[in-house]
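Kindly generate the complete structure, drawing on both the sequences and the hints.
These protein sequence lines map, in sequence, to chains A and B.
Note that this note's numbering has the first sequence beginning at 1, numbered continuously upward.
Note that this note's numbering has the second sequence beginning at 1, numbered continuously upward.
Don't read these hints as lab results, they were simulated from the structure.
Errors might be hidden in some of the hints.
Cut-off 27 Å, straight-line C-alpha distance, at most; resulting in silico cross-link-like pairs (DSSO-like, lysine-lysine) [stated by the list, open to error]:
hint, chain 1, residue 1, chain 2, residue 2
1, B, 36, B, 6
2, B, 36, A, 181
3, B, 251, A, 229
Far from chain A, some chain B residues (derived; all Cβ distances over 12 Å) [said to hold, decoys possible]:
hint, residue
4, 11
5, 61
6, 133
7, 151
8, 191
9, 196
10, 210
11, 218
12, 233
13, 256
14, 260
For every residue, glycine included, the Cβ atom is placed at its ideal position computed from N, Cα and C.
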Amino acid sequence: MIHFDKVTYSYDDKKQASFSIKEASFTCSKEGVVGLIGPNGSGKTTIAKLILGLLRPKSGVITIDKRFDTYSGDLWKQVAFVIQNPDNQIFGSTVGEDIAMPLENLGVPRAEMTKRVSAAADAVGLHSRLEDPVHTLSGGEKQLLAIASAIVMKPSWIVFDEPTSFLDPWARENFWKAILKVQAEKGIGLLVISQLSEDFFYFDHLLAFDNGVLVFDGTPAGFRKNLDKMPWFTPPQSWIFEDLMAGGPQ
Amino acid sequence: MKLELKNLYLGFGKKVILKKLNLQMATGKLNLIVGKSGSGKTTLLNAIAGLNKPLEGNILIDRVKRPDDLKFSYVCQNPEILFFNKTVYDEIAYAFRANNVPEDAILERVKENMNYWWLDHSKVAQMDPRALSGGEQRRVALAACTVYQPGIMLFDEPLASLDSYTKAIIVECIKNIAKMRLVIVVTHQPGAFLDSDTNVVLLHNHEALQMTGNDFLKSALKNNSLYPLPEWYATVMEPFADVPRELPMLKAQEVFDFLQAIQQGVI
Numbered sequence: 001m002i003h004f005d006k007v008t009y010s011y012d013d014k015k016q017a018s019f020s021i022k023e024a025s026f027t028c029s030k031e032g033v034v035g036l037i038g039p040n041g042s043g044k045t046t047i048a049k050l051i052l053g054l055l056r057p058k059s060g061v062i063t064i065d066k067r068f069d070t071y072s073g074d075l076w077k078q079v080a081f082v083i084q085n086p087d088n089q090i091f092g093s094t095v096g097e098d099i100a101m102p103l104e105n106l107g108v109p110r111a112e113m114t115k116r117v118s119a120a121a122d123a124v125g126l127h128s129r130l131e132d133p134v135h136t137l138s139g140g141e142k143q144l145l146a147i148a149s150a151i152v153m154k155p156s157w158i159v160f161d162e163p164t165s166f167l168d169p170w171a172r173e174n175f176w177k178a179i180l181k182v183q184a185e186k187g188i189g190l191l192v193i194s195q196l197s198e199d200f201f202y203f204d205h206l207l208a209f210d211n212g213v214l215v216f217d218g219t220p221a222g223f224r225k226n227l228d229k230m231p232w233f234t235p236p237q238s239w240i241f242e243d244l245m246a247g248g249p250q
Numbered sequence: 001m002k003l004e005l006k007n008l009y010l011g012f013g014k015k016v017i018l019k020k021l022n023l024q025m026a027t028g029k030l031n032l033i034v035g036k037s038g039s040g041k042t043t044l045l046n047a048i049a050g051l052n053k054p055l056e057g058n059i060l061i062d063r064v065k066r067p068d069d070l071k072f073s074y075v076c077q078n079p080e081i082l083f084f085n086k087t088v089y090d091e092i093a094y095a096f097r098a099n100n101v102p103e104d105a106i107l108e109r110v111k112e113n114m115n116y117w118w119l120d121h122s123k124v125a126q127m128d129p130r131a132l133s134g135g136e137q138r139r140v141a142l143a144a145c146t147v148y149q150p151g152i153m154l155f156d157e158p159l160a161s162l163d164s165y166t167k168a169i170i171v172e173c174i175k176n177i178a179k180m181r182l183v184i185v186v187t188h189q190p191g192a193f194l195d196s197d198t199n200v201v202l203l204h205n206h207e208a209l210q211m212t213g214n215d216f217l218k219s220a221l222k223n224n225s226l227y228p229l230p231e232w233y234a235t236v237m238e239p240f241a242d243v244p245r246e247l248p249m250l251k252a253q254e255v256f257d258f259l260q261a262i263q264q265g266v267i
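Below, the structure is given as structure tokens:
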């Protein structure tokens with residue numbers, strides 16, 4: 001469980017961002033996928049960085065699985081991060097080396113490392129590619145590799161920052177299949193930042209931010225009923241079509 | 001302006017990525033390149049930009065071989081990572097300064113282009129471009145890359161990671177440029193750009209299929225391995241894949257109007 005209790009944050013260097021997170025309080029459970037949405041500049045990535053412990057709240061407390069808060073500096077052990085462009089987080093020369101890298105940094109014994117790398121690759125369907133150079137992977141496969149490198153650390157949560165924005169429709173589908181399988185098999189919590197309406201249908205719990213303020217916390221069905229309060233949000237065309245067919249207001 | 005690819009083969013070393021490309025693109029209509037990751041979209045864009053040498057074949061501009069000093073704009077993926085000036089103004093003015101345009105002549109053109117991309121000169125010109133929101137950064141990058149207004153403009157995934165508001169602005173701006181210049185856009189979100197007469201280049205199995213937006217939708221409805229359309233659209237429109245008329249684009253209102261017209265016997 002991720003719990004924010006009256007968390008505030010502002011950038012000291014105004015050149016970085018002019019907004020601030022204003023007393024955000026919410027709780028996310030590991031059941032289902034949590035979607036973090038909002039317009040550009042609303043604070044989504046700042047929230048992700050707070051969860052990861054890369055930024056520390058100015059006030060308030062962040063708790064993950066009731067054990068860690070930001071002030072202990074331990075959040076990074078609980079949460080893995082997968083960024084938008086997997087090329088920016090691939091360091092190994094082969095698939096196996098890349099997955100093993102965080103374990104090598106922690107000095108995990110070789111036998112255990114081999115086992116964990118193999119299991120992580122298996123979880124995302126990259127087991128047959130372990131020896132392949134990373135540059136031979138497609139964009140979608142690189143994103144799967146980034147997921148494998150995240151789950152090898154046995155995190156409690158994985159936070160994804162716009163993971164599908166550079167993927168084609170086929171790779172987007174594979175991405176969602178892979179992470180839902182990882183969640184079902186390993187019980188890892190998933191929090192996904194996305195602007196793509198196609199991703200919207202995978203979310204079970206929505207957190208919407210606008211200008212640093214949490215403006216919605218609830219289910220997608222509840223969000224849909226409150227669209228008038230979210231003028232920045234353009235509904236998916238399928239929703240608009242359903243409303244038109246039902247003779248509802250647009 | 002007209003761009004022709006004649007029997008073009010692209011690849012690296014002995015590896016052929018695209019073969020037998022015979023394509024035409026011209027000013028006036030938006031040219032979209034779509035296809036799976038790894039199908040060669042960026043490779044094709046790079047070849048047009050002159051960054052990849054073709055293995056075989058020719059690229060012609062207005063019927064003559066592509067000149068080595070062809071003037072073009074190229075907006076790469078995530079163009080904002082290339083910001084290297086201290087202010088938005090300096091970033092956009094860079095292309096003029098690099099070409100020794102006098103400073104007093106630059107101001108108006110920078111203002112004009114900022115305005116075109118919905119950037120408020122009085123508010124953001126003196127800001128650090130990295131301090132802006134993601135949507136503003138993308139528009140600054142687009143303004144900086146297009147300010148010199150060459151005849152050919154290439155855009156690689158210009159909509160990635162943007163909210164719907166910024167996407168709508170950028171689509172409109174790019175479509176308007178395409179009326180006057182040769183514009184080629186690589187995208188995984190063709191629905192945002194698609195019109196019935198858009199020139200779509202679909203890369204599939206190392207080859208290119210060139211078709212109108214309307215034919216692209218019909219082909220994808222008949223064979224979703226060519227390109228997977230959004231589920232709601234595919235479900236509703238699949239029975240109409242063969243109708244001898246133009247299909248609605250991937251917009252709810254257009255599809256609704258189409259169905260109403262069918263029901264009323266107008267079609």
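Enumerated hints in conflict with the structure, sorted upward: 6, 8, 12, 13, 14
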